[in-house]
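Chemist: One letter stands for each residue in the lines below.
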Amino acid sequence: MTAPFPTRKQEEWRYADLDALKPVWEQFAEPLTLTIGAGDSFEDVWVPTGDDVQVKRMSIALGAGAKARLFVLNTASVYGRIELQVSLEADANFELFAANIGDGQSTNEIVTNVRHIGERGRSRQVVRSVLGGKAVGSYLGKVEVARGAQQTDGEQSVKAMLLNRGATANCKPELEIFADDVKCAHGASVGELDETQMFYAQSRGLDPASARALLLEGFVMGLWDNVADEAQREAICAAARGALRRVA
Amino acid sequence: MLDIRNLHATVADKPILKGISLSVPAGEVHAIMGPNGSGKSTLGYVLSGRPGYEVTEGSATFDGKDLLALEPHERAAAGLFLGFQYPVEIPGVSSLQFLRESLNSQRRSRGEPELSGGEFIKLAREQAALLGMDVDMLKRPVNVGFSGGEKKRAEMVQMGIMNPKFAILDETDSGLDIDALRAVGAGINRIMRAPDKGVLLITHYQRLLDYVTPDKVHVLNAGRIVRSGGPELAHELEREGYAEAAA
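Here the protein sequences come in this chain order: A and B. Start counting the first sequence at 1; every next residue gets the next number (our numbering). Start counting the second sequence at 249; every next residue gets the next number (our numbering).
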């Protein structure tokens, strides 16, 4: 039996493109599950496939002292959704470095629910969006800290760059904390390219389009500096470069 | 080489430059001195084409070309370099990538062959070493985490790599200690002192002029050049202050 089709009344589907999702829902109705045992490490790089609609729903359970690190580029031409449910036992560590890059009428979203169950867990989510045309890019990130999950360290850093007036960024960090000794930092900003940086680059000889592309590259590429596998880092950076060229 | 005639410019509709005429022939270094707010930086920005700085009257030609009709990147390709008073930070972009793309973009528009990665690194290493900077500093994002002095040194490394025909250096001496000042001064002489090059050196103080001797000194006040003279004028300004010297 397939899980019921979501509605926009559900917060985590609020900005979704449900029309695009409907025909493919059956494949994605059940999230993939992944368990990282105590003390183990997991790292993955998600490079887009090129399909119009791309959905990834994953539930990750991190055992005590386990580590997971995800590097993600979300850039579907119609609808892209990265959905992560993560739970952290004591001393577990979760890191997400993700970008939404969209143009045209596309909707790309990253929806996370990170639950700190055990003590001293650490989660870090860094999301950058570059949006042109009438694209929508969203980050909905909920961090829950359970009673007793003391000394949790949770961080969310969300920045979006809008290249056209018609583009939309939704940034919604959300905290639900039931422990009293925790650190949960969150920052969100939406902006346009810095004029001073643009002029500096042009004064050195870059035409406006190249200057814009370079600045956007800087805004996004820093996310993936720490991808361990060189070939994978090249792959995600190359895909992002291609996407930025379309958008800028 | 650089010919400025009766130049008027406004910033946010406020007149800043009120009729500047100035001619820098090839092979010469001219210093522009003047108090805060006299229009020195505005002159640099107008000549390099910064948006928001509007020319309302007058002309500026560079090697016979109408400078003011060119976009900022076209001015760079024509051989103009602006050394920034406050060099700009660009997170996420390494200096090496920034400079290589900029230089190759200039070379393309001049119809010159682009430099390969290897050729560029060699050039960058040479130029960095000449200014006492480790090339590893240039692997870091543009100007990010640099001290004020390092930023100014990095501007000179950029100038060495670009090898422009004409440099406008906006308070390149501010924020420098004595050693850095000497290194920057030597850099300006080495890169720009040539019969086919020119420099407009914008500064508050005489001290950089101890290292880079100007052929002419102009005093800017309230958007106009109120006095011009030889290098001795800078010493007079230092002794007597702008108020006296400009009176």
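No lab work stands behind these hints: they were computed from the structure. Each hint should be verified, as a subset may be incorrect.
Facing chain A, a subset of chain B residues (Cβ under 10 Å, in silico) [to be verified]:
#1 T290
#2 D314
#3 E319
#4 P320
#5 H321
#6 E349
#7 Q354
#8 S357
#9 G359
#10 F394
#11 S395
Keeping only pairs whose Cα atoms sit at most 30 Å apart, straight-line, the calculated DSS-like set for lysine-lysine is [what the hints assert, rightly or not]:
#12 A:K134 / A:K9
#13 A:K159 / A:K183
#14 A:K159 / B:K387
#15 B:K413 / B:K266
#16 A:K67 / A:K22
#17 A:K159 / B:K266
Backbone N, C-alpha and C define an ideal beta-carbon position, used for all residues, glycine too.
Chemist: Now, for every hint given, state plainly whether the structure supports it.
Modeler: Hint check results:
Contact between B:T290 and chain A, as hinted, is not supported at the beta carbon level, the nearest pair being about 14 Å apart and thus beyond 10 Å. Given the 10 Å rule on beta carbons, the hint for B:D314 is violated: about 18 Å separates it from the nearest Cβ of chain A. With its C-beta approaching chain A no nearer than about 7 Å, B:E319 sits inside the 10 Å limit, and its interface hint holds. Residue-level restraint check for B:P320 holds (minimum Cβ-Cβ distance to chain A is 4 Å; threshold 10 Å).
Hint status for B:H321 relative to chain A: holds, with the closest Cβ pair at about 5 Å, below 10 Å. Evaluation of the B:E349 hint against chain A yields a held restraint, the C-beta minimum of about 6 Å falling below 10 Å. Interface hint at B:Q354: satisfied, since its Cβ lies 4 Å from the closest Cβ of chain A, which is below the 10 Å cut-off. With its C-beta approaching chain A no nearer than about 8 Å, B:S357 sits inside the 10 Å limit, and its interface hint holds.
Using the Cβ-Cβ criterion of 10 Å, the hint placing B:G359 at the interface with chain A is not satisfied: the shortest such distance is roughly 14 Å. The restraint placing B:F394 at the interface with chain A is violated, with a minimum CB-CB distance near 14 Å, outside the 10 Å limit. Against a cut-off of 10 Å between C-beta atoms, the interface hint on B:S395 is violated, since the closest Cβ of chain A lies about 18 Å away. Between A:K134 and A:K9 the CA atoms are separated by roughly 23 Å; this keeps the pair inside 30 Å, and the hint holds.
Proposed proximity of A:K159 and A:K183 is supported: the alpha carbons are some 20 Å apart, at most 30 Å. Annotation: proposed proximity of A:K159 to B:K387 holds, straight-line Cα distance about 24 Å (limit 30 Å). The hinted pair formed by B:K413 and B:K266 meets the criterion: a straight-line CA distance of about 27 Å does not exceed 30 Å. Our distance criterion of 30 Å between C-alpha atoms is broken by A:K67 and A:K22, whose separation comes to about 34 Å.
At roughly 42 Å between alpha-carbon atoms, A:K159 and B:K266 are farther apart than 30 Å, so this suggested pair is violated.
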